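There are 4 protein chains.
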Amino acid sequence: MKSKGFATGVWVFGSCPDRFCTKGYKKEVSLEESLDKIASIEGLQGLMMHYPAPLNEDNASYVKKELEKRDLKLASCDVDLFSSPEFSWGALMCEKEVRKKALEMSKKAMDVAEHLGAEVMNLWPGQDGFDYPFQINYQAQWDLLVDALSEIASHNPGVKLSLEYKLREPRTHSTIANAGIALFLAQEIGPNVGVTIDLGHSFNVKESPANVVALLDKYGKLFALHLNDNFRDWDDDMAVGSVHFWETLEFIYYLYFSNYEGWLGLDIFPYREDPAEACRFSIEMINYCLEIVQKIDKKKLEEIQKEADALSALRYIKSLL
Amino acid sequence: MKSKGFATGVWVFGSCPDRFCTKGYKKEVSLEESLDKIASIEGLQGLMMHYPAPLNEDNASYVKKELEKRDLKLASCDVDLFSSPEFSWGALMCEKEVRKKALEMSKKAMDVAEHLGAEVMNLWPGQDGFDYPFQINYQAQWDLLVDALSEIASHNPGVKLSLEYKLREPRTHSTIANAGIALFLAQEIGPNVGVTIDLGHSFNVKESPANVVALLDKYGKLFALHLNDNFRDWDDDMAVGSVHFWETLEFIYYLYFSNYEGWLGLDIFPYREDPAEACRFSIEMINYCLEIVQKIDKKKLEEIQKEADALSALRYIKSLL
Amino acid sequence: MKSKGFATGVWVFGSCPDRFCTKGYKKEVSLEESLDKIASIEGLQGLMMHYPAPLNEDNASYVKKELEKRDLKLASCDVDLFSSPEFSWGALMCEKEVRKKALEMSKKAMDVAEHLGAEVMNLWPGQDGFDYPFQINYQAQWDLLVDALSEIASHNPGVKLSLEYKLREPRTHSTIANAGIALFLAQEIGPNVGVTIDLGHSFNVKESPANVVALLDKYGKLFALHLNDNFRDWDDDMAVGSVHFWETLEFIYYLYFSNYEGWLGLDIFPYREDPAEACRFSIEMINYCLEIVQKIDKKKLEEIQKEADALSALRYIKSLL
Amino acid sequence: MKSKGFATGVWVFGSCPDRFCTKGYKKEVSLEESLDKIASIEGLQGLMMHYPAPLNEDNASYVKKELEKRDLKLASCDVDLFSSPEFSWGALMCEKEVRKKALEMSKKAMDVAEHLGAEVMNLWPGQDGFDYPFQINYQAQWDLLVDALSEIASHNPGVKLSLEYKLREPRTHSTIANAGIALFLAQEIGPNVGVTIDLGHSFNVKESPANVVALLDKYGKLFALHLNDNFRDWDDDMAVGSVHFWETLEFIYYLYFSNYEGWLGLDIFPYREDPAEACRFSIEMINYCLEIVQKIDKKKLEEIQKEADALSALRYIKSLL
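Line by line, the protein sequences are chains A, B, C and D. Under this note's numbering, the first residue of the first sequence carries the number 34, and numbering increases by one thereafter. Under this note's numbering, the first residue of the second sequence carries the number 34, and numbering increases by one thereafter. Under this note's numbering, the first residue of the third sequence carries the number 34, and numbering increases by one thereafter. Under this note's numbering, the first residue of the fourth sequence carries the number 34, and numbering increases by one thereafter.
Excised from the complex, chain A in its bound form:
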């Protein structure tokens, strides 16, 4: 790993509403205030922002300056295909006019990414899926998705199009549900298409995130990371390592020895917690994991792994805490 450092989603500093507390558990803050807070957190050097809000072609130069002023970099410009009700029925998989808009937005997001020096445009097709049995024609919708991703990918081959898979939410079923589907699509569509591992999404679909790192790395498809934690069944977006300590540590181990060169992006949703504290806690936890990982004698561990001797492996890891 040659990580570019820690980044955070700017949304981490938002008001964090849910469907019950609809105004958010906290006050909304301005972009500038968010940037100030982010800049003040030790270890944070980058941030992820959505197109078209809060970042777009019109304010790109202003945002660039605001970032430079605070010594921050843009890790990725991610297209927002989920927050507007016009995407209720899907964005890239919708047969209607709205799909054109989604395509347009995705392409522009890539260009803005490039303009601000971000290598990645993260695409999470949150509304592309379905809720009920018999609701959609799966094959027709799949074709729309593949065509859309191809069109987006070929728009700007210099930008990495990274697909963020997720099992569900906001739909009861997302089409790009797991690492297998995402990797399949990335291989089918082209070299500038890869995959974002959202640690929590990986837990949701009952994957071993460390296994996914190894798999995607083998095919050169690990493009971006969203780090967080949860209680498996839902995307709780909690502070990193607060639930799954061993598996987070194992994830960091495989990441450390991978070819990943991107950012360590925090994607937490601290409904009630202070976002700066949640970032600090997460960075501390990841750094703690990195410290332990650096103490691991890889050869020794791999000898143990050849025997699939889980208890010796875990005992060895535990001895390094």
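Simulated from the structure, these hints should not be mistaken for lab results. Hints may contain errors.
When chains are identical, the list treats them as one kind, so a pair holds in a single copy or across two.
Okay, derived cross-link-like pairs now, DSSO-like style, lysine-lysine, Cα gap no bigger than 27 Å in a straight line [claimed, not checked]:
1. Lys133 <-> Lys251
2. Lys35 <-> Lys106
3. Lys328 <-> Lys351
4. Lys333 <-> Lys251
5. Lys133 <-> Lys59
6. Lys140 <-> Lys106
Small disclaimer: the values here were computed from a predicted structure and weren't measured.
Dock chains B, C and D against chain A, hints included.
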């Protein structure tokens, strides 16, 4: 069962936001418009409303008139202890000033229920729980909860205090998580304390909802119903019977032969669907289940059940579709 | 679909043990008795058997005769890489001597399949995975798996090698965990490699099985079916349609309009139920679904699906019961 | 806590079969060999055994001597109502002759427990539940269960009857599914009826095990412990703390400050691992947790908990590793 008929949560007709589409997938409508829509749906005769919004002591007489005008009844007045950010850290289980407010609101909700002729005050302590390991002192918080429920229950013994259990959301863990805990509390606290089965919450905690009906009915503790469906792992609040057909039918079977005398309350959250259609679909499905249930020869089924002969039981039920 | 008819796993007629009732809930019966029972079930014309027991190169001719005697066909010869303790630590992914044996067995299973006229060799790598964090070296093990599958597939290109994915059990994590991973492997390895959908495994990993049918069919990779049902979280191997009625119906709908030309294989594990009854119930349920599906006006449904109008779609389907 | 020390289920040293590897992943060993192994493990002083095998009224004196010889104590004598196929359809909830046998066995297990100086008879009604919708008459079966438990409890009030709840397996639904139901039953039935927390069962039903400790302790109903770990969705019976580090630590924290006076019982099922190593690992992990817990400044933590300040709480705990 001597059901009072179908009721709907007035919130079913709201804008249905989630944490991504924060303004809601639909337009907000006025209370009066909601009432008009509700009154227009065949089979709907009652509705469930939250205190202090949209129903409270100040507008109770106005709401009463608006209901009467449309031949609607109030099924329950439910205290809202979850939508205000002041309850972020809990309402009844919070050690702070806010707990007093929650107690006050709960009592007033009971009184408003009584004033409008609703037998039930449904209490869903949505924020009472926790998110992270080590976050709260469980025993101290439990005592606060028990004391609060006792105080509320004894405030107005003429109103049924119905506890709505749920596994999680908006917290990662709710304290009143399943029917067992709710029944235990209801038995401990008093005769006017019972339990609301939210069909989807029951699926979430991997219960058999029909089993829960039978259990609560035995102890005289089935006070209210919230009907909906989901894909087990999350409270999707979908139209009734759209996923779990057999188990919904079995639930209706046990309900039909229970002593339940309350409303058949719809608690769906139709993010993208038309709320009136979602209600109609749900009522049709429940009525279809009731038709089938009435065709069941109870003695015959119970003979089969004595042998635990599942396939014969299901084959018999299927023959009645 | 041009299905070859219904088949059952011969194991369905076994003693059905679990880890608590280790001798099985029923008596073990001979192969011949199982065949007699299977032949007596209306609608059953084929069966699936494992190599090397009860089917292998030594008894292949005898089994062939016994099948012909009863007018039964071999649907598939499936390699058993899971029941012997020598595969405890994996079969195809194990670095040891045992892997050679697994490869040899897999190849022979293909040949026996061909010899008895079965088009498919189903491969479920049940022991290939891991249990604990840090237990195995994921990349090394993945390479072993891919190499093994390539070697097996190229051994006999005239036989379809069908990969049966599963989330977990008997390991806490299987490597080929979902349809995405299986499809990716099938595409990478070769034209005679495809995928088996086990309906219950698909529910376990929170897929929509109907969606998976559509996806695999598009890429010509739907090779075999294992039909059953469960309560989502575990591979209960229950009678078909006994839990998920709508989704089973939807699965049959997409299957009916697919290019699938294989068998409708029953893979139930009737711990306590009579296996013949469980097969009969499953066949009745599938036939009932097929009847309904044939009544569906595909154009009409697809018009509704273009609007993603779930409630109208479900109401239409329900009207055909 | 005034724990009596570590105990293990003698079954931990069995052959560990599952439904696929039906003979077990290991060789069966004699009781005496198991006892030798158990006695050789540092920290292990007790063991849990089932009635009528390997412990019963006929061999009780022999077993007593064998235990004394090795300086081991019987932690509990647990009735086995699950391994014989005669209990396929339930034991205490079965309306047939078999129920009488189950009652008889349960009573004798209590007497044998008393005879060997074990305070607890652990009762896990593994077969008491159901598999399919419509399979049983819930109310009739519930009454049978309550009556049976009352009869057993009153047979020998000097022995603690501890109910071990579990969500599922071997049935798809167990009747005593969670801590709430178990606590309710314990309160209803009598003072010598309490609850066993199996750590993994608690994870399966998505409880916070630490919360359950606090709850049961408050009502004086925490009678026994089964320690292990899993990946939430299934009872994997893995070595303690190998998946859920923080929650296991939190569980130990609440346990340490509880009034629990029983054994720390290991209930792992090491299919592939050496059972002695799995016990050693688990004991090391629990001792590590106990060390950390002893370093916790309870007042300080409770101050943090008053603010529900999860991140500060976790950061403080992490600082003690």
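Here is how each hint holds up against the structure:
Taking the closest pair of Cα atoms, Lys133 and Lys251 come within 27 Å of each other only across two copies (24 Å); inside a single copy the shortest separation is 34 Å, beyond that limit. Taking the shortest alpha-carbon separations for Lys35 and Lys106, only the intra-copy value of 16 Å comes in at or below 27 Å, while the best inter-copy value is 56 Å. In this assembly of identical chains, Lys328 and Lys351 lie within 27 Å of each other by CA distance both inside one copy and across copies; the values are 11 Å within and 18 Å between. Taking the shortest alpha-carbon separations for Lys333 and Lys251, only the intra-copy value of 22 Å comes in at or below 27 Å, while the best inter-copy value is 45 Å.
Taking the closest pair of Cα atoms, Lys133 and Lys59 come within 27 Å of each other only across two copies (22 Å); inside a single copy the shortest separation is 35 Å, beyond that limit. When the C-alpha separation of Lys140 and Lys106 is checked against a cutoff of 27 Å, the pair qualifies only within one copy, where the shortest distance is 21 Å, while the shortest distance between copies is 53 Å.
In this structure, none of the earlier numbered hints is contradicted; all agree with it.
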